[in-house]
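So the sequence lines, in the order shown, correspond to chains A and B. Sequential numbering from 7 applies to the first sequence in this note's numbering. Sequential numbering from 11 applies to the second sequence in this note's numbering.
Note that these hints are calculated values from the structure, not bench results. Since this is a predicted model, take the numbers as computed values, not measurements. Any given hint could turn out to be false.
What the hints assert, rightly or not - Straight-line C-alpha distance at most 27 Å; calculated DSS-like pairs for lysine-lysine:
#1 A:K56 / A:K172
#2 B:K89 / B:K178
#3 A:K172 / B:K209
#4 B:K123 / A:K263
#5 B:K116 / A:K263
#6 A:K263 / B:K209
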Amino acid sequence: MQAEFDLIAYLSGLVTDEVIAAFNSYLAALVLLAMLIIISKWQGLGIGSKLVVGTIRGTAQIILMALILTQIFEFDNIVLILAVLAVMSLFAAYTARQNLDEIPGVFATALPGILVGGLSVMTIAWLLGVVELSGEMMIPMGGMVIGNAMNISALVIDRMWSNAQKQRGMLESALALGATAYQATELTIREAIRTGLLPNLNRYAALGIVTIPGFMSGLIVGGASPIYAALYQVIIFIMIFLACVIDALIVSRRFLKHMFNENLQILVPFPNK
Amino acid sequence: MTHLLELRNISMKFNDTVLFAGFDLDLEINETVGITGPSGSGKSTILRIVVNLLTPTTGTVLFKGVSITEYEPRELRRKMILVPQEASMFPGTVRDNLQWGLSIHKLHASEGKLESALEEVNLNCDCLDDIAGNLSGGEKQRVALARALLLEPEVLLLDEPTSALDEKSTLMVESAIGSIIAERKIGVLIVTHNPAQAKRFTDRLVKITGEQEGK
């Protein structure tokens, strides 16, 4: 009874005037979502249901995460922090799979890439003293690194799969000359990595002039020195690029076994017209 | 007697539809065999089966008396090279395309050898530095042939080599194929929907039904 009482009191304590105001803004923002869904339907973009499900799921996830973060931010144990980042990687791989549901092996391919790319970069950054060992720093930074690794995983897999469908003749020409699976797809892989990095490279080039990154803004709002915040923003970009490249190299090689069998025959079906 | 290439009782079924069944074929060194048949009868599928890009529903393919499944796929595809119907050019120059086939087998050819390969397919265009994607259809087809010949295959598999070409390009590609057949000690298997064209090159024609005709 005591525990139940505490929980109710805790939850009641969360509903402040500030939260009620934010909730009203959230409801108003749903008008923007409705506009987006109407445009999607009108233009046949086919993303309407994904947006609705994503909004409901995303809202629940991020509220839950925000509540958990207040506890996790107190962590200063590398094993616990890496465990939280590993759970985030699991969910990232699951999300990549959900958005590429017609392609086989996405989860099993993306997970090692995201885990190794994300966790290795965070660990190296900690060992080099770039990032201090606190949940407050490592988890938001790790989240950004993992989120970007998730995006590039999905992009590399999608590009490799769709190119195998659209440029089947070129793929077959390469295999017919005796190419390995990797040699036959090398150009696609390089192109996918470049394409995947391009949005971040653009943000990097326009850093501080066109793009005001959320991480830096958050640090400044939280009371950090602007120079400290700015330097950490550059650091996070470098970490993202490294994690993305490591992730893409792992994902592209692991995905080959879903595109070719042991006889180097193409497993990718012809596209549905 | 061991043949260079033997296809025995090959059948292929896609989604419960039988494409062809009971297909047999032998090919010897210095022999050119044509495979004819109507569109959609599975002619191109046979060439893909020969190089193990597709596995037949039933039947066996033997290269020099050994099942192709016993060969490592890359080794098999270096000995028997398929030139697909649409000659796909890899990004880069003609030189890049010719070298690419060699580089995947850790080989390299001198400038002179690349030029000789182009001459062999009657492409005297001084075009080693041209972007391969900008070539005409007939030129691309001949670059694809030269790219295959540089690997010195024992069997060359040509899938409708002139089907997408105009009359002038067709004559040039036909001339190139004629030179290859005359000069190289290899077996050549040509798929074509044009029996008249096949008769110009081939020692024998095999219909996709398996029925054989002498020249």
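- Message: Of the numbered hints stated earlier in the document, which are not met by this structure?
- Response: 2, 3, 4, 6
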